[in-house]
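Those sequence lines, one after another, are chains A and B.
Be aware that the first sequence starts at 19, since it is given in the working numbering, and climbs by one per residue.
Be aware that the second sequence starts at 10, since it is given in the working numbering, and climbs by one per residue.
I should point out that these hints are in silico values taken from the structure, not numbers from a laboratory.
Accuracy of the hints is not assured; some may be wrong.
To be verified - Derived BS3-like pairs (lysine-lysine); straight-line CA-CA distance at most 30 Å:
hint	chain 1	residue 1	chain 2	residue 2
1	A	K96	B	K107
2	B	K199	B	K107
3	B	K107	B	K43
4	B	K48	A	K96
5	B	K328	B	K308
6	B	K199	A	K96
7	A	K96	B	K43
8	B	K107	B	K48
9	B	K308	B	K43
Stated by the list, open to error - Simulated restraints, written as ranges between beta carbons of each label pair:
hint	chain 1	residue 1	chain 2	residue 2	range
10	B	T114	A	Q35	27 to 33 Å
11	A	E34	B	L267	34 to 40 Å
12	A	D79	B	W206	32 to 38 Å
13	B	T68	A	L98	37 to 43 Å
14	B	R171	A	K96	37 to 43 Å
15	B	I236	A	K96	42 to 48 Å
As the structure is a computational prediction, the values presented were derived from the model and not from experiment.
Built from N, CA and C at the ideal position, the CB exists for glycine as well.
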Amino acid sequence: MSADGWFDVFAYDELEQDVPEGVRVDGHYLALFRIGDGVYATSGTCSHAEADLCKGYVEGDTIECPLHQARFHIPTGKVLCEPAEVGIPVYPAEVRNGRVFVRLPGENGESLRRS
Amino acid sequence: MSHTQTVASSHQRRSTVAASERAQQIVGRSALRKLMVRKDWPGLLFLAAHLGLIGLSGTWIYFALSTWWIVPATFVHGIFIVHLFAPLHECSHSTAFKSRWLNQTTYWFCALTLGLAPLHFKLQHADHHTYTQDVERDPQMIIMGERLWGYLYYASAIPYFRDIVSVLVRHALGRFSEREQRYVYPTARKQVQRQAWIMLGAYGLIAAVSVVTQSWAALTFWLIPRIVSEPVERLIRLAEHGGCDHTEDMLQNTRTILTWAPVRWLCWNMPLHTAHHAAPQVPFHAMLELNRILVSHVKELRHGYPATVRHQVSMLMAKERDLRAREACG
Chain A
19 MSADGWFDVF
29 AYDELEQDVP
39 EGVRVDGHYL
49 ALFRIGDGVY
59 ATSGTCSHAE
69 ADLCKGYVEG
79 DTIECPLHQA
89 RFHIPTGKVL
99 CEPAEVGIPV
109 YPAEVRNGRV
119 FVRLPGENGE
129 SLRRS
Chain B
10 MSHTQTVASS
20 HQRRSTVAAS
30 ERAQQIVGRS
40 ALRKLMVRKD
50 WPGLLFLAAH
60 LGLIGLSGTW
70 IYFALSTWWI
80 VPATFVHGIF
90 IVHLFAPLHE
100 CSHSTAFKSR
110 WLNQTTYWFC
120 ALTLGLAPLH
130 FKLQHADHHT
140 YTQDVERDPQ
150 MIIMGERLWG
160 YLYYASAIPY
170 FRDIVSVLVR
180 HALGRFSERE
190 QRYVYPTARK
200 QVQRQAWIML
210 GAYGLIAAVS
220 VVTQSWAALT
230 FWLIPRIVSE
240 PVERLIRLAE
250 HGGCDHTEDM
260 LQNTRTILTW
270 APVRWLCWNM
280 PLHTAHHAAP
290 QVPFHAMLEL
300 NRILVSHVKE
310 LRHGYPATVR
320 HQVSMLMAKE
330 RDLRAREACG
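Turn these sequences into a full structure, and let the hints steer you where they fit.
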């Protein structure tokens, strides 16, 4: 972890379009997405029944839960489709020198966004 | 509110979710990715053929009117209509088509034909996948099918039709049973209510047009065949989980039935039901391949629906004998 709360989590080249990757960082299970040239990080578990979103179906900038087909907007975590009621947390993510970095909420909870 | 609290307040994670993930590990990540690919053409092909058969059998009814051929024609036509449950179910998983508008349009068409409101069915079916074979929590578990007379009564489709009518009316009035309140969460209830009104409105319109035009078409080509043949669909539904273990492992709590290709086709590959429960994100057109990978792990495997029904009935008869013997022993 860097001093500013960013974690080096994955190789950017290995992150494929439409194929989410699951990573465990500091006790959090995250899903990493590559959409176009951008990278995004969300919680890796569905807010409905905690299924693994990394096994879900990516369509454009949305991820659909593999078990119950709830759908979320990846950049904002907003829920788009039932049966989920609430969105999923999203985390700031960026590419530095070919690596994906994610910033996790600090002790005061900054940088955790939820729809 | 923390993420953990949010999840706990909506649905407790059940180990069926973990069991599904274990089953998906058997398949392997890259194979699962390939199987998950959605397409439009298989669904269009299946739907066109399905609707074509409905059109053909409807034509048979038309030419059989006033003859005894009306009886088999109505039964056959009804078989094709009640099997619209298969695309309805596939659409509820959003896997019938790649295009969402095709999925939604087909979903509504099947829902209106069968009297099952789309959102309510989807929410109910989601909990069925989470709590499969859990007597307390699975909202689509056919509990009465666990006893012989209940099985036969359910197969008559009488309780099913009673349920369809009462659910639509109650939801239109904004009333949800205690069981329904578990899966129709508060913010979804207005939409479920609105859909119930849309469906009742559509049926009212059909009834009004039928009366005004003095037409028997809706009864002859839709409702009567549906009522006559629904028991066949009920037996198929009973075969999917009835008598299976009350465990969280879907390789044990769900039955796979290996049947003739035309039957499997009419059911949109859902006789391969264990594979579907193991990975509901896999579309029907990839179910044969998924089943091929998983079939050696499936506990409840049967050959054909008649053999499955015989197996279920004989199992229930044995259960009744056992219960009577226990009662006799005090």
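Tested hints:
Straight-line distance between C-alpha atoms of K96 of chain A and K107 of chain B comes to about 22 Å, which keeps the hinted pair within the 30 Å bound. Between the alpha carbons of K199 of chain B and K107 of chain B the distance comes to roughly 28 Å, so the proposed pair stays at or under 30 Å and holds. For the hint pairing K107 of chain B with K43 of chain B, the CA-to-CA distance comes to about 14 Å; that is within 30 Å, so the pair holds. Only pairs whose Cα atoms come within 30 Å are accepted, and K48 of chain B paired with K96 of chain A is accepted, the gap being roughly 26 Å.
Restraint check for K328 of chain B and K308 of chain B: satisfied, since their Cα atoms lie roughly 20 Å apart, inside the 30 Å limit. As the CA atoms of K199 of chain B and K96 of chain A are separated by approximately 20 Å, the hinted pair is consistent with the 30 Å bound. Taking the CA atoms of K96 of chain A and K43 of chain B, the gap is near 27 Å; set against the 30 Å cutoff, the hint holds. Using a Cα cut-off of 30 Å, the hinted pair K107 of chain B and K48 of chain B holds, with the two alpha carbons roughly 5 Å apart.
This hinted pair checks out: K308 of chain B and K43 of chain B have alpha carbons roughly 25 Å apart, not beyond 30 Å. The supplied range of 27 to 33 Å is met by T114 of chain B and Q35 of chain A, whose beta-carbon atoms lie about 28 Å from each other. Distance hint check: the CB atoms of E34 of chain A and L267 of chain B are about 36 Å apart, consistent with the given range 34 to 40 Å. A hinted range of 32 to 38 Å holds for the C-beta pair D79 of chain A and W206 of chain B, which are about 33 Å apart.
Under the hint 37 to 43 Å, the C-beta atoms of T68 of chain B and L98 of chain A, about 42 Å apart, fit the expected range. Taking 37 to 43 Å as the suggested C-beta distance range, the pair R171 of chain B and K96 of chain A conforms, at roughly 39 Å. Between I236 of chain B and K96 of chain A the beta carbon distance is about 43 Å. The supplied range of 42 to 48 Å therefore holds.
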